[in-house]
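Chemist: If you want the building blocks of each chain, they are given just below.
Protein chains: 2
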Amino acid sequence: MLKKFLVIVILLLGANIIFADEGMFPLNELNHIDYNKLKKMGLNLTYDQIRNDVSKAVVSLGGGTGSFVSKDGLIITNHHVAFRAIQFNASAKHNYIENGFYADSFEKELPAPGYYADIILDIKDVTDRILKKANNAKNDAERFQIIEDEIKKIEKETESKEKNIRASVVSFYGGKQFLLFKKFRINDIRLVYAPPRSIGEFGGDIDNFEWPRHTGDFSFLRAYVDKDGNPAPYSKDNVPYHPKHFLKISLKPLKTGDFSFILGFPGSTDRYMTGKQVDLFLNDTIPLRLKLFSDIINLMEEEGKKNKELQVRVSFWVKALNNTKKYYEGVQAGLKRDKVVEKFYLRDKKIANFFKKRKCRNPLVEINKLSEEIHKIQKSLTIMAYSNFVSTFGAGARIGRWAEEKTKKDLERDPQFMDRNIPRIKRRLETMQRDLIPELDKKMLKYFMKLFADLPENERPATFTKYFGKGSKEQLYKKIDTTLDDFYKNTKLTDKDARLKYFSMSKKQLKKVDDKLLHFAWDFADELNEKKENLKGLNGAAMRLKPQVIEVINEFTRKELYPDANGTLRLTYGKICGYSPKDAVWYKPFTTFSGVIEKETGKEPFKNPKKLIELFEKKDYGQYFDKDLGDIPVNFLTDNDTTGGNSGSPTLNGDGEIIGLLFDGNFESISSDYYFNPSLTRSIVVDSRYILFILDKFSKAQNLIKELTVVK
Amino acid sequence: MLKKFLVIVILLLGANIIFADEGMFPLNELNHIDYNKLKKMGLNLTYDQIRNDVSKAVVSLGGGTGSFVSKDGLIITNHHVAFRAIQFNASAKHNYIENGFYADSFEKELPAPGYYADIILDIKDVTDRILKKANNAKNDAERFQIIEDEIKKIEKETESKEKNIRASVVSFYGGKQFLLFKKFRINDIRLVYAPPRSIGEFGGDIDNFEWPRHTGDFSFLRAYVDKDGNPAPYSKDNVPYHPKHFLKISLKPLKTGDFSFILGFPGSTDRYMTGKQVDLFLNDTIPLRLKLFSDIINLMEEEGKKNKELQVRVSFWVKALNNTKKYYEGVQAGLKRDKVVEKFYLRDKKIANFFKKRKCRNPLVEINKLSEEIHKIQKSLTIMAYSNFVSTFGAGARIGRWAEEKTKKDLERDPQFMDRNIPRIKRRLETMQRDLIPELDKKMLKYFMKLFADLPENERPATFTKYFGKGSKEQLYKKIDTTLDDFYKNTKLTDKDARLKYFSMSKKQLKKVDDKLLHFAWDFADELNEKKENLKGLNGAAMRLKPQVIEVINEFTRKELYPDANGTLRLTYGKICGYSPKDAVWYKPFTTFSGVIEKETGKEPFKNPKKLIELFEKKDYGQYFDKDLGDIPVNFLTDNDTTGGNSGSPTLNGDGEIIGLLFDGNFESISSDYYFNPSLTRSIVVDSRYILFILDKFSKAQNLIKELTVVK
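These protein sequence lines are chains A and B, in that order. One gets the numbering used here by counting positions in the first sequence from 1 and adding 3 to each. One gets the numbering used here by counting positions in the second sequence from 1 and adding 3 to each.
There's no promise every hint is true.
The list makes no distinction among identical chains, and a pair is therefore deemed to hold if it is satisfied within one copy or across any two copies.
What the hints assert, rightly or not - List time: in silico BS3-like cross-link candidates among lysine-lysine, alpha-carbon distance up to 27 Å:
id, residue 1, residue 2
1, K339, K591
2, K585, K258
3, K585, K255
4, K709, K535
5, K135, K515
6, K309, K230
7, K606, K329
8, K382, K329
9, K342, K359
10, K621, K476
11, K610, K294
12, K429, K74
13, K339, K622
14, K309, K504
15, K539, K359
16, K382, K111
17, K481, K255
18, K258, K591
19, K511, K96
Calculated from the structure, these hints are not laboratory results. This one's a predicted model, so the numbers in the text were calculated from it and none came from an experiment.
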């Protein structure tokens with residue numbers, strides 16, 4: 004599990020300086036796909052029906068996707084998307100994680116704090132307003148700043164004009180186009196149903212990113228609003244929200260070749276890179292990240308060996324890091340397998356020749372130069388960014404930065420410190436207490452600092468030299484050890500209340516606090532911030548060049564044009580189909596209930612609930628049996644183009660009915676974030692017939708089934 | 004690789020006390036197969052043609068199978084069957100292992116000492132002669148002894164009557180039938196051709212027992228005789244042997260469903276077990292053996308860590324043990340997967356009810372009782388038998404036993420110490436020097452002795468107690484350490500010449516030798532021998548009961564009747580077909596040359612010769628290209644029923660032409676030695692088109708190709 008969801012969390016911690024067929028199409032660009040082709044494949048709806056009806060039932064759950072499936076605001080999504088809500092409500096007495104959960108009436112539904120559902124009300128093109136101003140800039144840095152400021156302004160204007168509106172301006176095609184999304188954000192979300200973890204997470208980490216898969220990765224939530232239909236925080240008085248549109252669930256038979264389209268919120272892709280950029284990424288950035296992940300995992304596992312409790316506490320992060328590591332290993336394997344560097348270099352050479360013949364300026368040359376410049380400072384920046392992974396150090400950085408930023412007006416601040424984001428930062432300073440292990444924290448910070456010591460002197464951050472001086476590696480290592488031992492002795496960053504107190508202080512007050520670790524983190528944060536400021540010039544240049552690069556690359560590859568994923572609603576089309584992972588092996592596109600039982604080992608993550616095994620033995624399959632398959636389908640594969648953020652996306656048949664929920668991609672598809680290989684990239688979907696089988700036969704969730712509109 | 008060959012070596016070291024659809028049919032029982040069925044499947048030959056023509060070209064190479072493929076005694080077999088011959092001739096200067104070998108004229112062919120080729124001249128049923136005597140026995144022990152003696156007598160008689168004949172009497176159906184095989188043994192065998200190891204062993208241990216497979220596991224040998232056509236030791240004056248029959252090689256296209264039959268010498272199966280017997284085997288014997296293998300591998304690997312040279316010296320055994328371990332893991336996995344214990348218990352219950360109703364004696368009840376009796380002493384016997392794996396200890400045992408046995412007449416000796424086998428024992432006492440590492444030897448012997456210390460007092464061998472006394476485990480461990488440290492200080496068993504000198508001594512002389520380790524090993528060997536003597540009663544009972552058990556089991560399963568494999572020539576029929584190893588996965592029956600290149604990693608065992616990669620890039624495929632496959636086929640799967648000993652067996656089409664050489668089975672098939680699951684058991688064959696492609700395009704072995712009869 005985890006898959007197309009959690010990876011995001013860790014990716015965001017990294018330094019996202021490297022900029023961001025297939026086809027993840029924005030709904031306003033459906034005309035880029037030949038309608039007749041889709042019709043032939045099996046689509047029975049018009050584009051207008053998709054835009055105005057079907058897609059309106061699809062909501063962003065923040066990192067995952069959901070869809071309304073009843074008039075009373077019932078939302079279907081993945082088990083792993085709803086997992087935090089299940090975990091929040093679980094206790095030794097009510098072990099909803101292990102046993103699952105089912106509320107057979109509204110009153111029994113449980114709060115899911117932190118969850119929200121965004122419904123897109125309106126999309127407006129604000130490119131002209133932004134670029135008109137930006138194009139007056141004297142240089143790239145100013146251009147970047149103008150764009151950032153204008154975006155903040157538009158968002159703030161929109162939110163102040165209308166109640167209950169969340170506004171966000173998103174850039175498309177690397178800065179060619181800017182769209183304003185007006186969203187209705189419902190933030191009283193409740194847990195309605197979850198299967199036991201042994202179904203919802205069956206196969207666990209072992210099967211993560213793998214096929215054949217046998218996971219019942221689905222859950223149900225419900226959106227609540229106040230009596231007037233407005234978004235409101237959790238309250239007993241709130242009532243179920245009535246969406247304008249909701250989706251039907253299909254039990255119709257499926258087979259290889261059947262048309263499928265998916266609506267969802269893919270997070271990020273980077274498919275318009277040059278050969279040089281992929282080269283730097285594959286041969287430099289990824290190895291560094293993999294090394295970082297491995298080392299941190301080792302440190303954590305070592306600490307976990309000390310006792311059972313520590314093991315439990317580090318296990319979540321070890322799992323998350325392993326997941327991200329597997330992601331990068333997948334990217335690495337795929338880019339190598341598909342020889343992307345070689346292919347792109349060849350393509351870029353053709354492009355270069357084309358321009359040369361015509362004595363024209365080649366934007367690829369410029370962006371490559373830029374990328375190399377950025378790459379030079381990348382290593383040190385990556386280490387700086389990842390060191391915020393150290394809880395106390397990261398907290399100190401945020402506290403210090405906020406002390407600086409709070410002196411500015413809201414619109415002038417670094418966007419992450421604008422008023423609308425402060426509650427989230429505060430919550431994080433509180434909740435981090437759960438995972439904090441001071442001894443591990445110190446070890447990790449020492450590890451990061453020693454990475455700086457390993458760099459050539461001129462690549463080290465100034466703050467590093469300020470605190471540890473210069474000298475041989477051995478001398479620096481020693482200095483790091485003694486200095487940090489000292490810092491951790493008197494720091495209060497390990498204390499929740501102290502952190503919150505620090506966070507509320509003015510810059511002046513905070514400067515006076517006697518906490519060396521805090522000031523150390525603050526100094527680093529200031530330097531990182533300054534470096535990011537300096538990068539504005541480079542980022543501005545990138546924003547200027549990227550649209551031109553995309554245009555040229557597209558011209559030379561001639562595919563259906565679409566922008567990289569950026570967390571906005573997209574449609575991808577495809578069909579149910581298997582694939583050949585290697586010579587002589589064919590992966591069929593459907594797994595079966597028999598396959599679930601075949602994997603049974605009696606041990607997690609392959610331990611089935613007793614009742615499920617009994618159902619298998621009784622062959623009590625009801626209407627969920629597929630005649631052609633001779634079994635109940637569990638998961639299936641499609642060649643739809645999806646990525647992280649698509650978790651929970653409805654997978655729809657030609658009539659726009661849910662045939663399953665996307666929950667993962669195969670290992671071979673991971674690299675499709677950068678290069679799409681149509682013969683290997685597959686989405687993994689939990690079949691709606693398995694969902695209903697579990698609801699009906701296993702959980703006896705009859706009220707829930709009644710609420711759904713099931714079509715046969 | 005290794006596969007259907009080497010496993011045998013280690014199996015024989017184990018205590019073989021547990022008695023040993025499939026269908027491995029002796030050529031005199033082809034009438035057990037419906038001829039019309041085979042004709043329908045694609046057989047174009049009569050049974051007489053197979054018996055009198057095709058099968059005469061097939062020879063036993065001792066642990067592996069070969070076939071004559073030219074009038075000049077050219078033999079085709081597996082690379083791993085010919086490997087010792089390649090290794091023997093390889094040197095730093097002539098690295099035939101890495102580079103392969105090709106003699107383009109008779110003179111350049113190299114000796115392969117230790118190799119022989121057995122041609123079966125005649126088979127005679129001697130059941131009556133043996134059983135008439137045996138049935139007069141007073142008890143089972145006497146019966147066993149009479150059978151053993153009579154077999155020795157018949158073999159000796161036959162060999163003395165005719166020159167150049169090797170005779171062996173083999174029991175079929177657990178002692179129901181005895182056949183005398185008269186063989187013509189050619190013992191001047193020479194190496195003609197071997198591909199580089201990177202082709203012949205491609206995939207190495209990683210791919211061992213696995214599908215998809217991409218191994219060019221073939222080589223060529225040649226049989227030489229003296230000028231009069233008689234077998235003779237290696238001599239420059241010898242000439243190529245002219246076999247009466249040899250096989251053609253087919254380049255005809257193949258496809259799924261095509262008929263195939265295989266002739267070869269499968270070593271051992273045990274398919275007529277009762278539920279109780281499988282239960283004891285699966286749940287007691289296998290776990291003990293797996294523990295032994297793991298522990299010994301660990302001991303060896305630890306020793307190997309000390310330095311590179313030691314690592315090289317233990318690596319052969321570590322590899323062999325890992326192979327055997329994988330074998331038992333396969334057996335374990337398969338028996339569990341197929342629920343064999345449960346199935347057989349159910350079947351046995353039906354049988355029991357049948358007999359109960361009729362108030363008849365049920366031989367299964369008797370054999371189960373017997374098996375339990377044997378099993379009780381099994382643990383200690385297994386440890387005793389495997390401890391002979393310790394080089395010095397095993398040598399001491401053989402030396403001591405020979406001193407006893409040499410006082411007896413040849414016919415009265417333990418068969419392994421009959422005159423005909425003495426040279427082999429002597430050679431082993433010499434060659435063991437290569438692998439002997441005294442420090443490791445001592446550690447291993449301590450390990451085995453401590454296993455006895457872990458047993459309850461009454462299960463320990465008397466010799467153990469004689470040397471180490473009684474006491475707590477800790478006391479015994481200590482005593483073992485100090486005693487063996489002392490023994491190893493003064494032993495000469497670590498010295499080659501001393502061992503040979505000991506071997507030549509009389510019992511009286513040897514008794515006087517001052518070598519505590521020798522006497523310790525001797526005492527153990529005597530006790531083991533005595534225990535085996537005592538087992539004769541049980542084994543005799545087994546030999547009496549087993550034929551009855553087989554009859555009953557066969558009656559209740561109603562398959563085509565055939566005896567368990569016992570190293571004699573068998574025919575198995577089948578077809579080319581893939582299989583589903585697990586839910587949603589389909590393994591196709593052909594792998595391709597593209598797949599070879601796909602596996603390339605640049606590192607052993609997946610490093611292809613540069614020239615092979617060039618051939619791939621040039622697509623220089625010639626007549627070896629298969630149109631349907633769109634590639635050169637490399638390996639294919641059939642559902643023929645084979646096992647260890649079948650290595651190198653010719654896989655034949657309906658016309659009796661070679662379409663490939665069997666060289667392994669899939670992991671799922673390993674347990675077929677005990678229970679045949681037709682949907683999962685597959686033989687792995689190297690396609691004759693890949694063999695000829697390598698000979699022709701890669702090795703340019705044109706003379707060799709000219710010598711073959713290739714049909715298209």
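Chemist: Of all the hints numbered above, which does this structure not satisfy? Sort the numbers upward.
Modeler: Violated: hints 4, 5, 6, 10, 12, 14, 15, 16, 17 and 19.
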